[in-house]
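Chemist: One letter stands for each residue in the lines below.
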Amino acid sequence: KAGVTQTPRYLIKTRGQQVTLSCSPISGHRSVSWYQQTPGQGLQFLFEYFSETQRNKGNFPGRFSGRQFSNSRSEMNVSTLELGDSALYLCASSREGGINSPLHFGNGTRLTVT
Amino acid sequence: AQSVTQLDSQVPVFEEAPVELRCNYSSSVSVYLFWYVQYPNQGLQLLLKYLSGSTLVKGINGFEAEFNKSQTSFHLRKPSVHISDTAEYFCAVSEGGDMRFGAGTRLTVKP
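Residue numbers (the working numbering), protein chains in the order written: chain A, 44 to 157; chain B, 59 to 169.
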């Protein structure tokens, strides 16, 4: 069974640009969550999508948005990039979301903003 | 709101020595607790979880953790570590919709 796939693995963008990251969950998983990982802030929850609907949202500005497609694949978009957005962005999928459904993480997309 | 504190940012140990990675949480209601491991250039992998029942939870790779409600702790232990256990370990708590992670503890196992 294929794991969670995140593309691309690495991205370099310039301040002010926008970026789209992609996540393909494990087959059969309907919940996709996104996390930002930085050395200073650790892992921070961005949002969770379930059946194409945003179910939970963390404390990030509106520049961070996402969506989920009918095949459960998810994209995350960051507009007007800032230097502080440089981070490892992790996607995690689970069958149903919730505490009884373990998270399976992808290897992440490392975004560098210059 | 729940929060997670991992008391040690780095833990160096020698191979075959025991190790304990400490985690404390704060929450006003029932919580569900997790430990994840992150190897270099990879995502996180679930080690173990506590949802209910026995307070001693056994996970993969010989790790175990004990839920202590009175001390609001969920420390991770392994009786004998290997070089391959070198990684970042994250404690996490879920109180509802989202999961909150601690800052992580970097375990370095030296030969």
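Quick caveat, the hints were computed from the structure, so don't treat them as lab data. Hints should not be assumed to be uniformly reliable.
[Unchecked claim] Once the Cα atoms are required to be at most 20 Å apart in a straight line, the calculated SDA-like pairs of lysine to any residue come out as:
| hint | chain 1 | residue 1 | chain 2 | residue 2 |
| --- | --- | --- | --- | --- |
| 1 | A | K100 | A | E139 |
| 2 | B | K107 | A | R153 |
| 3 | B | K116 | A | E139 |
| 4 | B | K107 | A | L124 |
| 5 | A | K100 | B | K116 |
| 6 | B | K116 | A | S144 |
| 7 | B | K116 | A | H147 |
| 8 | A | K56 | A | A45 |
| 9 | B | K116 | B | Y90 |
| 10 | B | K116 | B | S61 |
| 11 | B | K107 | A | K56 |
| 12 | A | K100 | B | F159 |
| 13 | A | K100 | B | E153 |
| 14 | B | K116 | A | P145 |
| 15 | A | K56 | A | G101 |
| 16 | B | K168 | B | S152 |
| 17 | A | K100 | A | R58 |
| 18 | A | K100 | B | E74 |
| 19 | B | K107 | A | R138 |
| 20 | A | K56 | A | E139 |
Chemist: Does each hint fit the structure? Answer for all of them.
Modeler: The hints, checked one at a time:
Our distance criterion of 20 Å between C-alpha atoms is met by A:K100 and A:E139, whose separation comes to about 16 Å. For the suggested pair B:K107 and A:R153, the alpha carbons sit about 28 Å apart, so the restraint of at most 20 Å is broken. A C-alpha spacing of about 24 Å is found between B:K116 and A:E139, which places the hinted pair above 20 Å, so the restraint is violated. For the given pair, B:K107 sits about 36 Å from A:L124 by alpha-carbon distance, which is inconsistent with the 20 Å threshold.
For the hint pairing A:K100 with B:K116, the CA-to-CA distance comes to about 31 Å; that exceeds 20 Å, so the pair is violated. A hinted pair counts as satisfied when its Cα atoms are at most 20 Å apart, and B:K116 with A:S144 qualifies at roughly 18 Å. Taking the CA atoms of B:K116 and A:H147, the gap is about 19 Å. The hint holds against a cut of 20 Å. Note on A:K56 and A:A45: the hinted pairing is violated, with a Cα-Cα distance of about 29 Å set against a maximum of 20 Å.
The hinted pair formed by B:K116 and B:Y90 meets the criterion: a straight-line CA distance of about 15 Å does not exceed 20 Å. Of the supplied pair hints, the one linking B:K116 and B:S61 is violated, its CA atoms being roughly 23 Å apart against a limit of 20 Å. Under the criterion of a C-alpha separation no larger than 20 Å, the hint pairing B:K107 with A:K56 is inconsistent with the structure, at around 37 Å. A C-alpha spacing of about 15 Å is found between A:K100 and B:F159, which places the hinted pair at or below 20 Å, so the restraint holds.
For the suggested pair A:K100 and B:E153, the alpha carbons sit about 14 Å apart, so the restraint of at most 20 Å is met. Restraint check for B:K116 and A:P145: satisfied, since their Cα atoms lie roughly 15 Å apart, inside the 20 Å limit. Of the pairs offered as hints, the one joining A:K56 and A:G101 is violated, with about 24 Å between alpha carbons and a cut-off of 20 Å exceeded. The hinted pair formed by B:K168 and B:S152 fails the criterion: a straight-line CA distance of about 33 Å is larger than 20 Å.
Among the hinted pairs, A:K100 with A:R58 is inconsistent with the structure: their alpha-carbon atoms are about 24 Å apart, more than 20 Å. The hinted pair formed by A:K100 and B:E74 fails the criterion: a straight-line CA distance of about 42 Å is larger than 20 Å. About 16 Å separates the Cα atoms of B:K107 and A:R138, which keeps this hinted pair within 20 Å; it holds. Taking the CA atoms of A:K56 and A:E139, the gap is about 34 Å. The hint is violated against a cut of 20 Å.
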